[in-house]
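K.L.:
Produce the entire structure from the sequences given, and follow the hints as far as they go.
Residue numbers (the numbering used here), protein chains in the order written: chain A, 139 to 335; chain B, 139 to 335.
These are computed hints drawn from the structure, not numbers from a lab.
Heads up, some of the hints might be wrong.
The list makes no distinction among identical chains, and a pair is therefore deemed to hold if it is satisfied within one copy or across any two copies.
[Unchecked claim] The calculated lysine-lysine pairs, modelled on DSS-like cross-linking and capped at a C-alpha distance of 30 Å, are:
no.	residue 1	residue 2
1	162	262
2	184	295
3	181	215
4	148	161
5	215	148
6	215	161
7	215	162
8	184	303
9	181	161
10	295	161
11	184	162
12	303	181
13	235	215
The structure presented is a predicted model; accordingly, all values stated were derived computationally and were not measured.
Number of protein chains: 2
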Amino acid sequence: MNYTSESIEKAIEIFSSFPSIGKKTAQRLTYYLLRQNDSFAEKMSKVIIDLKQNVRFCSICFNYTERDPCPICSSTKRDRTIICVVEEPNDVISIEKTNDFYGLYHVLHGVMNPLEGISQDDIKIMELISRLNEVEEVIFALNPSVEGELTTHYIAKLIRPFGVKISRIASGVPMGSSLEFSDDATIARALEGRIAI
Amino acid sequence: MNYTSESIEKAIEIFSSFPSIGKKTAQRLTYYLLRQNDSFAEKMSKVIIDLKQNVRFCSICFNYTERDPCPICSSTKRDRTIICVVEEPNDVISIEKTNDFYGLYHVLHGVMNPLEGISQDDIKIMELISRLNEVEEVIFALNPSVEGELTTHYIAKLIRPFGVKISRIASGVPMGSSLEFSDDATIARALEGRIAI
Numbered sequence: 139m140n141y142t143s144e145s146i147e148k149a150i151e152i153f154s155s156f157p158s159i160g161k162k163t164a165q166r167l168t169y170y171l172l173r174q175n176d177s178f179a180e181k182m183s184k185v186i187i188d189l190k191q192n193v194r195f196c197s198i199c200f201n202y203t204e205r206d207p208c209p210i211c212s213s214t215k216r217d218r219t220i221i222c223v224v225e226e227p228n229d230v231i232s233i234e235k236t237n238d239f240y241g242l243y244h245v246l247h248g249v250m251n252p253l254e255g256i257s258q259d260d261i262k263i264m265e266l267i268s269r270l271n272e273v274e275e276v277i278f279a280l281n282p283s284v285e286g287e288l289t290t291h292y293i294a295k296l297i298r299p300f301g302v303k304i305s306r307i308a309s310g311v312p313m314g315s316s317l318e319f320s321d322d323a324t325i326a327r328a329l330e331g332r333i334a335i
Numbered sequence: 139m140n141y142t143s144e145s146i147e148k149a150i151e152i153f154s155s156f157p158s159i160g161k162k163t164a165q166r167l168t169y170y171l172l173r174q175n176d177s178f179a180e181k182m183s184k185v186i187i188d189l190k191q192n193v194r195f196c197s198i199c200f201n202y203t204e205r206d207p208c209p210i211c212s213s214t215k216r217d218r219t220i221i222c223v224v225e226e227p228n229d230v231i232s233i234e235k236t237n238d239f240y241g242l243y244h245v246l247h248g249v250m251n252p253l254e255g256i257s258q259d260d261i262k263i264m265e266l267i268s269r270l271n272e273v274e275e276v277i278f279a280l281n282p283s284v285e286g287e288l289t290t291h292y293i294a295k296l297i298r299p300f301g302v303k304i305s306r307i308a309s310g311v312p313m314g315s316s317l318e319f320s321d322d323a324t325i326a327r328a329l330e331g332r333i334a335i
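P.N.:
Okay, structure coming up:
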């Protein structure tokens with residue numbers, strides 16, 4: 139295809155390397171960028187460099203942060219006896235948005251996946267275990283996939299000797315959805331997790 | 139919302155300023171960027187700066203280009219007697235992709251829009267007229283909107299004295315679509331533009 143400019147082709151290529159950005163969207167983003175003034179491009183360029191330079195992992199929970207420990211781990215308002223275990227940093231955002239959880243987090247950075255060769259040593263399991271001293275409950279909030287279940291059960295077995303309460307978030311029919319459009323596994327899980335009313 | 143990092147917030151903000159990128163996608167892009175190595179961020183940053191620095195308008199057709207005149211205008215393989223008039227540079231890509239047009243282009247950079255105060259002087263109409271010397275046909279390929287129609291008719295009237303053939307691309311029911319899902323205006327236009335078989 140003839141974009142009449144190598145710079146345009148390179149920009150489209152790099153945008154389309156992002157997840158959920160196809161060639162057509164990448165093209166739209168590039169042409170949008172071309173329509174902005176130079177200062178926008180300079181600002182964006184700086185934001186991207188700053189992002190990689192300033193953001194590191196919190197040495198306690200392994201969430202992204204600019205200062206270590208992160209604002210959540212160093213907050214005096216959080217309940218330090220509960221840890222919610224998640225797969226990725228963006229899962230922390232999803233839970234924080236609910237304003238329903240006031241404990242701490244632990245980001246595993248993945249789940250065990252034997253088929254892809256990701257073992258228990260490749261994710262932050264030992265780092266979680268080293269935090270269990272003052273902890274009373276560990277809540278698993280991994281994605282409800284086979285790998286998420288496997289990882290939840292593996293870690294649960296490892297930490298049971300510490301005498302902490304272990305739970306996992308409920309799976310079931312999403313709010314606003316209907317039984318008709320839910321798959322068998324979801325309905326089975328919803329039945330299994332039924333709550334007395 | 140607590141992103142635990144100002145750099146992350148800034149990146150999400152700049153990504154979501156792009157068209158068709160919502161907050162959630164911007165967040166996904168930012169976290170993707172964080173997972174890449176430093177050289178990716180540096181490369182992306184450079185690509186963005188290069189894009190704005192290297193790309194200018196072709197002084198003939200006003201498409202984006204790195205060298206003036208652009209590869210299409212300076213190609214010896216294109217038919218210089220036909221000009222296809224489009225609204226924006228990305229429309230050139232859409233037509234080039236078909237491999238069905240071998241003439242030259244002229245990018246208007248907008249259409250006349252009285253409601254938004256965009257007049258005939260704000261788009262590249264005079265620049266088109268100055269190109270008509272050796273031209274035999276002008277094909278209008280503006281978007282089939284009220285403003286596109288207005289602009290097509292306005293320019294057609296202006297250039298008729300030059301004795302060039304004037305046409306516009308067909309409007310009608312898209313290939314692979316069905317009458318059932320086409321709106322009235324599209325069906326009316328398809329009927330009006332019927333072709334003897």
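K.L.:
So, against the hints stated earlier in the document, which numbers end up violated here?
P.N.:
Numbers 2, 3, 8, 10 and 12, in rising order.
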